[in-house]
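A.B. asks: Chain by chain, the residues:
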Amino acid sequence: MAGINIIKQVSKARNGLGLFILPCKQITITYCNFGGSSQGMRDFLRLKLTKFASQYPEVAFQVLDKPGFHPVIKGFYSNNQTKQICCRKLNADMIENKLKLIINSSGRKLTKPKQKVISLNKSVRGIWSPFHVDPSERYKI
Amino acid sequence: MLGCSRRLFYRVRLSPIRRTLSTSPVKPNPLTVAPARKRNFKFSYERSSHTIVEEPELKVPENKLDFANYQRNSYKLKISEEDAKKIPSILTLHARLVLSSKYQYSTLVRALTCQMKENEYADNKQMALFGANLLSFYVTENLISNYPRLPISILKTATDAYIGDFSLCDVAQNSWGIEQDETSNLEKYLSSEPKLFRFGRLRYDKHTTQVEKGITKFDNVTVTSLDHATAFADAVRAIVAGVYAHDGEEITKKFIQSHVLSRKIDISSMFQFREPGKLLSRLLRVKQMEPPTVRLISETGRLSNSPIFVVGCFSGDSMLAGGEGSSLKEARIRSFVNALKAFYLYKPLDSKMPSDDDFKPLFVDEGEPFY
Amino acid sequence: MQSLLREGLKACRPVTLNIQQARSVVFVRGERVRGLIRDPEDILTSNGRRYGLNDANLKPLKQFLGDEYKLTDKMILQVITHKSFAHGTRPYNEKLSILGEELLRLAASKYALAKGVVNGDASDYKFSVGDINFDCLGSLTHRLIVTNRLLSEYAESQGIDKVFFCKVALPRNYSQDQAKDYKPKAMYSTITSSLVGAIAIQRGKNTAEKFVQEKVLAGILPAINERK
Numbered sequence: 001m002a003g004i005n006i007i008k009q010v011s012k013a014r015n016g017l018g019l020f021i022l023p024c025k026q027i028t029i030t031y032c033n034f035g036g037s038s039q040g041m042r043d044f045l046r047l048k049l050t051k052f053a054s055q056y057p058e059v060a061f062q063v064l065d066k067p068g069f070h071p072v073i074k075g076f077y078s079n080n081q082t083k084q085i086c087c088r089k090l091n092a093d094m095i096e097n098k099l100k101l102i103i104n105s106s107g108r109k110l111t112k113p114k115q116k117v118i119s120l121n122k123s124v125r126g127i128w129s130p131f132h133v134d135p136s137e138r139y140k141i
Numbered sequence: 001m002l003g004c005s006r007r008l009f010y011r012v013r014l015s016p017i018r019r020t021l022s023t024s025p026v027k028p029n030p031l032t033v034a035p036a037r038k039r040n041f042k043f044s045y046e047r048s049s050h051t052i053v054e055e056p057e058l059k060v061p062e063n064k065l066d067f068a069n070y071q072r073n074s075y076k077l078k079i080s081e082e083d084a085k086k087i088p089s090i091l092t093l094h095a096r097l098v099l100s101s102k103y104q105y106s107t108l109v110r111a112l113t114c115q116m117k118e119n120e121y122a123d124n125k126q127m128a129l130f131g132a133n134l135l136s137f138y139v140t141e142n143l144i145s146n147y148p149r150l151p152i153s154i155l156k157t158a159t160d161a162y163i164g165d166f167s168l169c170d171v172a173q174n175s176w177g178i179e180q181d182e183t184s185n186l187e188k189y190l191s192s193e194p195k196l197f198r199f200g201r202l203r204y205d206k207h208t209t210q211v212e213k214g215i216t217k218f219d220n221v222t223v224t225s226l227d228h229a230t231a232f233a234d235a236v237r238a239i240v241a242g243v244y245a246h247d248g249e250e251i252t253k254k255f256i257q258s259h260v261l262s263r264k265i266d267i268s269s270m271f272q273f274r275e276p277g278k279l280l281s282r283l284l285r286v287k288q289m290e291p292p293t294v295r296l297i298s299e300t301g302r303l304s305n306s307p308i309f310v311v312g313c314f315s316g317d318s319m320l321a322g323g324e325g326s327s328l329k330e331a332r333i334r335s336f337v338n339a340l341k342a343f344y345l346y347k348p349l350d351s352k353m354p355s356d357d358d359f360k361p362l363f364v365d366e367g368e369p370f371y
Numbered sequence: 001m002q003s004l005l006r007e008g009l010k011a012c013r014p015v016t017l018n019i020q021q022a023r024s025v026v027f028v029r030g031e032r033v034r035g036l037i038r039d040p041e042d043i044l045t046s047n048g049r050r051y052g053l054n055d056a057n058l059k060p061l062k063q064f065l066g067d068e069y070k071l072t073d074k075m076i077l078q079v080i081t082h083k084s085f086a087h088g089t090r091p092y093n094e095k096l097s098i099l100g101e102e103l104l105r106l107a108a109s110k111y112a113l114a115k116g117v118v119n120g121d122a123s124d125y126k127f128s129v130g131d132i133n134f135d136c137l138g139s140l141t142h143r144l145i146v147t148n149r150l151l152s153e154y155a156e157s158q159g160i161d162k163v164f165f166c167k168v169a170l171p172r173n174y175s176q177d178q179a180k181d182y183k184p185k186a187m188y189s190t191i192t193s194s195l196v197g198a199i200a201i202q203r204g205k206n207t208a209e210k211f212v213q214e215k216v217l218a219g220i221l222p223a224i225n226e227r228k
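From first to last, the protein sequence lines are chains X, R and G. Residue numbering for the first sequence follows full-length UniProt numbering, beginning at 1 and increasing consecutively. Residue numbering for the second sequence follows full-length UniProt numbering, beginning at 1 and increasing consecutively. Residue numbering for the third sequence follows full-length UniProt numbering, beginning at 1 and increasing consecutively.
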């Protein structure tokens, strides 16, 4: 319409409002076939991985043999970030917990929030305005 | 988004260099096939639902209305369902989107394959066209029933904010986690990755390649080359069309609502009024209301360096909107803008869309006077 | 500029200006005269027909719709009013036609895809997706279905463009006598598309799709076949 300019926009994701999509999309597990620090990881891979991976069909699990290194699990997230945890000398249960930690992360970098509430929406109550208060109750200097 | 703006920036910065190298012995290859004529649309969602597939790539049957027997000439190979099930990224994408068991994995593979130069596999071009039809209908319907009084330009901008290339690219990349096939054949060989796995990533002819410092690159625009955002958006559109093909329209509507319409747009910040006072007085005249008057409601610190004025915009006895500002003029203009927005952003309570089962006739907008 | 103005006035001279005076405002009727205000009645007339909610105006469309796709009178009047009419001060059909066009495009694609499933042997075609052959989309025939040309021709063939309130900018070489035959496609196509939009808004999507399948596509598809 004449007299109205438009400002283009791109919609913002609100994960969980329509459907929740897990941010973690892939986990790479590396282990060494003979190293002592990989003992727990080898146990995990042998005994627990199949059952654990089947619980999370939305995550791709990749297992790589990396001789001579400590075992590492690395999560890939949909925001192009990664998160990796070294599982040196951890036993199978501890590794499972670390994997859960990676799966449950959003992938965002850890930052200290400045506000207590972070939201895309404006406050429902609006910003308080001293001028719309009844004059008899206004603060007087 | 970022990548695109950076690319634009490169193109602008490199243009003078390109001119100085005009005597270079290497000349760009001339376009062998003339690009199909395209209408210029202002918004990318309009462009996507006007895709053209012309005669040489399409086999048209004798009877042109025999839509069943159209065939694409380039299609020779297809990833079978068994092969598609071996690709981890396809399996996870299927699970991440919570697609039904009827949705075939090979459809996802096809949705991630764009039209390319020497490609013999079925591509997503026409699926994306149908997906664009579905998306633009359901989004337009949603906006018209929720905001019946939006001006046409804002309606189209809002539709583009939902289903334009950049938004759908964000859906594909940052929500669904679709990746593009970037590694070279050598890198794939060295990492001993199975050949099949490349079908699990988005494959398209890139519009521009990475520009390196000191290297001048000629435009590699071909008929099939796509922008980064367009390629990702087409994949989303094709996946939507796939939902229609396997699960029907009702599920497609739910899919669009949960993946696209659940995203946040702020329509009120799309407006930019050039002369709000003039627009408001015209609007009121057409609606046969009294012309707007602005009255001061309260003020503080008129003589200080930080005064605040609160004014109200009235038509007769009814207050249309309030506005506050650090000068009388600012407050006045803010009140006009608020009054206009209050009109255009009218939202009926409990509105139903035409495609809903319990549909009720909608509030019908009379159109904006524009003289 | 001066000479142009003089010529314009000269051209006006043989036509007796019907100037009436009311409350010290001078209105002019008929052809435009620079500097004079038009009679408000004048802009409410299109092709010699006065705008208004009466049977004479609504009759062609009402007959066409019948009882099955009945619309309210106000809505019908809005459908046959283009935004160029009366400076857009009367309810006009632009938003209806936008919704209608989206629905038409969706319905046309769905029609083409459904045809592949029912009549052809698409399930045998290797590159079909879940029994649907997408290869016909984007072809010339598919694109032709929803075009201004065919939508306006459809409106003409059904006789629903007899009453249409719009203001046409005539090309230079056209005289006033030819004005009746001059029907810009982009304008007259909005009758069909906004009719679909109006049915969708008042009767729901299913009814509107049925209308498109039974009436609009049935009229447009033979026209495409004849064309080639």
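There could be a bad hint or two in this list.
To be verified - Facing chain G, according to a computed beta carbon distance under 7 angstroms, are these residues of chain R, among others:
(1) Lys64
(2) Arg72
(3) Tyr75
(4) Leu77
(5) Gln126
(6) Tyr147
(7) Lys188
(8) Ser192
(9) Val221
(10) Thr224
(11) Glu366
Stated by the list, open to error - Using 20 angstroms as the maximum straight-line C-alpha spacing, the simulated PhoX-like pairs for lysine-lysine come out as follows:
(12) Lys8/X / Lys42/R
(13) Lys74/G / Lys162/G
(14) Lys360/R / Lys264/R
(15) Lys86/R / Lys122/X
(16) Lys188/R / Lys12/X
(17) Lys122/X / Lys347/R
(18) Lys76/R / Lys162/G
(19) Lys51/X / Lys86/R
(20) Lys102/R / Lys215/G
(21) Lys185/G / Lys110/G
(22) Lys122/X / Lys264/R
(23) Lys102/R / Lys8/X
The hints are simulated quantities; they were obtained by calculation from the structure and are not laboratory data. Idealized CB from N, CA, C, for every residue including glycine.
A.B. asks: Each hint: holds or not?
C.D. replies: Outcome of the hint check:
The closest approach between the C-beta of Lys64/R and any C-beta of chain G is roughly 4 angstroms, which is under the 7 angstroms cut-off, so the hint is satisfied. At about 5 angstroms, the closest approach between the beta carbon of Arg72/R and any beta carbon in chain G falls short of 7 angstroms, and the interface hint on this residue holds. With a least beta-carbon distance of about 5 angstroms to chain G, the hint placing Tyr75/R at the interface is held under the 7 angstroms criterion. With a cut of 7 angstroms, the hint placing Leu77/R at the interface with chain G is violated, because the nearest CB-to-CB distance is about 9 angstroms.
Proximity of Gln126/R to chain G holds as hinted, the smallest CB-CB distance being about 4 angstroms (cut-off 7 angstroms). Violation of the interface hint for Tyr147/R is found here, the shortest Cβ-Cβ separation to chain G being roughly 11 angstroms, above the 7 angstroms cut-off. Interface hint status for Lys188/R: violated, as the beta-carbon distance to the closest one in chain G is roughly 26 angstroms, over 7 angstroms. Nearest Cβ of chain G to the Cβ of Ser192/R: about 31 angstroms, over the 7 angstroms cut. The hint is violated.
This hint is violated: Val221/R has a C-beta 20 angstroms from the nearest C-beta of chain G, more than the 7 angstroms allowed. Checking Thr224/R against chain G by beta carbon gives a least distance of about 14 angstroms; that is not within 7 angstroms, so the hint is violated. Against a cut-off of 7 angstroms between C-beta atoms, the interface hint on Glu366/R holds, since the closest Cβ of chain G lies about 4 angstroms away. The straight-line distance between the Cα atoms of Lys8/X and Lys42/R is roughly 11 angstroms, inside the 20 angstroms bound, and the hint therefore holds.
Between Lys74/G and Lys162/G, the direct Cα distance comes to roughly 18 angstroms. Compliance with the 20 angstroms bound is thereby established for this hinted pair. Proximity of Lys360/R to Lys264/R is assessed by CA-CA distance (about 26 angstroms); at most 20 angstroms being required, the pair is judged violated. Among the hinted pairs, Lys86/R with Lys122/X is inconsistent with the structure: their alpha-carbon atoms are about 46 angstroms apart, more than 20 angstroms. Taking the CA atoms of Lys188/R and Lys12/X, the gap is about 34 angstroms. The hint is violated against a cut of 20 angstroms.
At most 20 angstroms may separate the alpha-carbon atoms for a hinted pair to count; Lys122/X and Lys347/R meet this at roughly 17 angstroms. Our distance criterion of 20 angstroms between C-alpha atoms is broken by Lys76/R and Lys162/G, whose separation comes to about 52 angstroms. Simply put, Lys51/X and Lys86/R have alpha-carbon atoms about 19 angstroms apart, close enough for the 20 angstroms limit, and the pair holds. Restraint check for Lys102/R and Lys215/G: not satisfied, since their Cα atoms lie roughly 34 angstroms apart, outside the 20 angstroms limit.
For the proposed pair Lys185/G and Lys110/G, the alpha carbon gap of about 25 angstroms is over 20 angstroms, so the pair is violated. For the given pair, Lys122/X sits about 12 angstroms from Lys264/R by alpha-carbon distance, which is consistent with the 20 angstroms threshold. Of the pairs offered as hints, the one joining Lys102/R and Lys8/X is violated, with about 38 angstroms between alpha carbons and a cut-off of 20 angstroms exceeded.
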